[in-house]
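There are 2 protein chains.
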Amino acid sequence: MAYTAKYISREALADIVFADAPAQRRAAAFAEASRINCLYMIQNAGSGHIGTSFSSLEIMSWLHMEEMDENDFFFSSKGHDAPALYTVLLGLGRLPFEKLHQLRRLGGLPGHPDVGTECMVTNTGSLGMGIAKARGMIKARRLDGRPGRAFVLLGDGELEEGQIWESLQPTANGEYSELTVIVDHNKIQSDTWVSDTSDLGDLETKFRAFGWEVVRCDGNDVDALSGALAYLRGVEARPKMLIADTIKGRGVSFMERFDAEATGGLYAYHSGAVSPEVYAKALAELTANLTTACAEAGIPMPAFTEAEITPATPLENPQKLVAAYGRKLLELGGEREDMVVLDADLVLDCGLLGFRDAFPDRFVECGIAEQDMVSMAGGLALSGKLPLVHSFGCFLTTRPGEQIFNNATEKTKIIYAGSLVGILPGGPGHSHQSVRDIALMSCVPGMTCVEPCCEAETEMALEWAVQANPGSTYIRLVSIPCPKSFELPAGYRLTPGKGAVLREGKADAPLVFAYGPVLTEQACRAADQLAAQGIDATVVNLPWLSGVDEQWLREIVGTRDNVLTLDNHLLKGGQGEMLAATAARLGLGARFHCLGLTGKPACGRNDEVLAHHGLDANGIAGRVRAIVA
Amino acid sequence: MAYTAKYISREALADIVFADAPAQRRAAAFAEASRINCLYMIQNAGSGHIGTSFSSLEIMSWLHMEEMDENDFFFSSKGHDAPALYTVLLGLGRLPFEKLHQLRRLGGLPGHPDVGTECMVTNTGSLGMGIAKARGMIKARRLDGRPGRAFVLLGDGELEEGQIWESLQPTANGEYSELTVIVDHNKIQSDTWVSDTSDLGDLETKFRAFGWEVVRCDGNDVDALSGALAYLRGVEARPKMLIADTIKGRGVSFMERFDAEATGGLYAYHSGAVSPEVYAKALAELTANLTTACAEAGIPMPAFTEAEITPATPLENPQKLVAAYGRKLLELGGEREDMVVLDADLVLDCGLLGFRDAFPDRFVECGIAEQDMVSMAGGLALSGKLPLVHSFGCFLTTRPGEQIFNNATEKTKIIYAGSLVGILPGGPGHSHQSVRDIALMSCVPGMTCVEPCCEAETEMALEWAVQANPGSTYIRLVSIPCPKSFELPAGYRLTPGKGAVLREGKADAPLVFAYGPVLTEQACRAADQLAAQGIDATVVNLPWLSGVDEQWLREIVGTRDNVLTLDNHLLKGGQGEMLAATAARLGLGARFHCLGLTGKPACGRNDEVLAHHGLDANGIAGRVRAIVA
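Just so you know, the protein sequences line up as chains A and B, in that order.
Its first residue numbered 785, the first sequence is counted upward by one per residue in this note's numbering.
Its first residue numbered 785, the second sequence is counted upward by one per residue in this note's numbering.
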């Protein structure tokens, strides 16, 4: 169902940028115009972060139009406001304007900033790193005797990350007055109000206690912003913090309002595109705002350009593993009073709403504080509880790596459930594509790693982890809705170390190992394609990632000459490497072929990314044909 | 050269513990007596942390003797003051007294706390986790309706870790008044003054800004301590912070004094036993202190028990890889002005003194802030510098795991040098034994991992990483002085992916892969032992951990039926798994046998630990014999 969207062309924007108007009025109008382009980009991509992009547009506009000179640089540490940054840079002619239509596409503008894109000075999207990275950049300039100021934008939810506070004092001690940090203090983080998630306390007092110069202003008011920044320019010998009070979803009345009670506590416009109807309403409001801003600046209203947007067709009856996980979690929570669920500001994305509402005492919202969450889980486990720890796989298995190991040395039982794993969705980019987590979790002593391929197996995996496994488990969950054309064998039961044949081939054709909904589906499609070409490959779903039943492996490989493994992960440390190494230890004669990532994952539409890495059905079938040949 | 040491027996200590004296005077005398036993333990073990143990003894004594009841619990988050804690618990009869003689021995008292030991409530030694773990324990008690207060001791250097600050606000938000945190504020961290390493600023203001109740007192004065804790008992609805101003090395005049200039800036009594002569002087002072304390308490001076201590015989001309690294670093630093060295409070242990003193502008002391350090390195690399990042392998590769990946996605060049890798020294225990670092670093896109086997290869590895490798490198350095009975081939040059034959065996005997000074030495000794028994095993030193030259592997394996790999690391993710998987992909016929760790590393004397894990020459030779049989 295509619909018409609107954006403002480079030329029409130039009439604002170069208008003979007071700088503040010009920037305010530019920010309003940019909201229209920003929303277009997100709608065209089908995903992206509206709320935080809209809250930051006056800040980004003023910095790039007036505050910074050619030696200065800006980046956003939170990174998910990339659509706003791109929009500003496109509008100022610093990015090729055709990229307006390429958000989250392969070769286009990544979902989070990447230095491969013009004007991007560092990769962000992983939270909390901005102050330290900027300090490194400034230190380099000091060593070279080069001038240059850094402007770094933080999110307020991001302030829950310990690294922020780790960086504050050394930056003050080093008198990094070249650095101005701006907090886009829009008061709402991924799920809900910051104050309800993990209240930040008195930010001004805190930052001052760490030796920073602190000012505060309305961050959507260009006059206030420009005044605050002008004041900070004169401050010497200490780093500078501007707390910019902003409004999430700024510019659209229904995005600005957040009635936590009415929405089940969840802010609706953190991430994702909106429906065509909602888009139309938002555009009308943004247009009115721009009209006002142009009038105040004495600039003619710019012309709009129309463009067709065709939203992706939703899958019919897709598999939703996270939802299945959530249902089972709720069920088990009723049976086992020792279960305590911990979350890091992803209550919806991790499937925890049901448990949270049913067992509020046993639900701990930790905020974006993965190290704190994992160590708290360790304490709970030492005191007789069964903690279940949640975040996206890319954060859960990396940020608290030492804490997970520490817990493991205590030989307690903890369940880690990482969602958004693997290379899909491809839109957010490498900060959110969890492609090292199998490697990281497999080498934790006593940890069993499992990735289910469908809703049914997800429920089995959680049931097994809670009720059967005496040790700790890492459950790896793909988050995207997935098509499923395969069936698990009748009466299938999850059995440690063993898998199930989904496509029964012949012994003279390769054996293909897959796991998870993405690869299992693609492998089965490849097998069907190959069968039509006379190659009868066998496809096995093996959900176990950290080890395999050796006898079962010996039997399933049998006399086959060739085995193909598939990894929705880097080859290094993935299931394929584990299986190949096991085969070499067992002295199986088969030759192993391993498909998976060899470097950083690509950003793009799901089909683009899957094909790019050779992990779609065509790529898999092609590899099998090459093996057979 | 054995010498006589002294300790105070359980019975003699009981006379203090149960003396009819004011509680404060009794605790003060007990603390002084405990210093004598603590020093004995460390001298007997040959290693341990004197300074921080001595600074904390009044705190630990008062808590355990008077403040806590049976529902309360204590642990030290810094953990390296374990000798002090053990001493107190031994003296109070809560640990079997014979363990006084078993510090850092296999089956004895680990170098850092482990829940396998009586009274230890959590594993520490990895810094920064204490507040979060305690909160988990209290949460569990709240859920169970059980009473219980937590007392957690932090180090002041530990306050540089971001996780501390990440935990502070949620703990206040949850009104965890059951928790009292005590900072053993002895002002000196691993290397030198905290204020010179990474000044903490105004701690009281900071903690108050995070919503904590804060008091401060002399932490070596039992009257002051007991008063402060009595006050905190009455505080409700907020967690409590006691900043205890203590003196590192308290009780021994020359350990209390720290003249940074005279010592090259390094505090001498952070870790390690002292010479018999220094021990004698320290004991004399501690005895005098105890005499005074007993007199003030009206308690008779306890009797001392004598024990012989035989220090380990130092190796003749051992290989010191970290020193070699430091020499080469200094040399290269003179050639390459883009090199910037970053350290996390381990300037001596990472071999950085020479570079620091020669190029102070290009040396950045980050304090115990590994995430901050790694992201700062990322910023430096983006701005044209070549950062070299240092810490112990166990911290460097785990705490900043997400930061390292983020840097890698920018495709800059950074050198990470982790020392203290592998299972030796065995004394500090699992918090310090880096046995996952190969797995963690191998799966970082673009990272090459290398572990040199001797001083010469260390210099080659650094030279290669700086001058030849276009990408990033992880250099894995064993820190203990190592014997070396093997020789690299004449004219040996480090060649990516390839190794060198150190013992030329026969094709009908197994091929043994080793790397690093510990395993290479043990493998060569095993080969010599086996040769005498008619088994001519080949030993290859392969320093490359993350990949291997496939053609070279094919040739060196040749027609051999059996290959034995050795890992000073967990089997999972180690070199052996990489080699076995490569062999399976190449279709080599050989069967792979892999020796390495399968679970958490043991704590003990080096020879004990090596034998325990089957990685000494006897264990290796035994495995080869089993293969041949």
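Just so you know, the hints here were simulated from the structure itself, not pulled from any lab data.
Bear in mind that the values here come from a model prediction, so they are computed numbers and not experimental data.
Heads up, a few of these hints could be off.
The list cannot tell twin chains apart, which means a pair is met if one copy fits it or any two copies do.
Straight-line alpha carbon distances no greater than 30 angstroms define the calculated DSSO-like cross-link-like pairs of lysine-lysine that follow [unchecked claim]: (1) Lys883 with Lys1197; (2) Lys883 with Lys1195; (3) Lys1282 with Lys1195; (4) Lys971 with Lys1195; (5) Lys1268 with Lys1290; (6) Lys790 with Lys883.
Going through the earlier hints one by one, which of them does the structure break, listed in rising order? Number 4 - this is the single hint that the structure violates.
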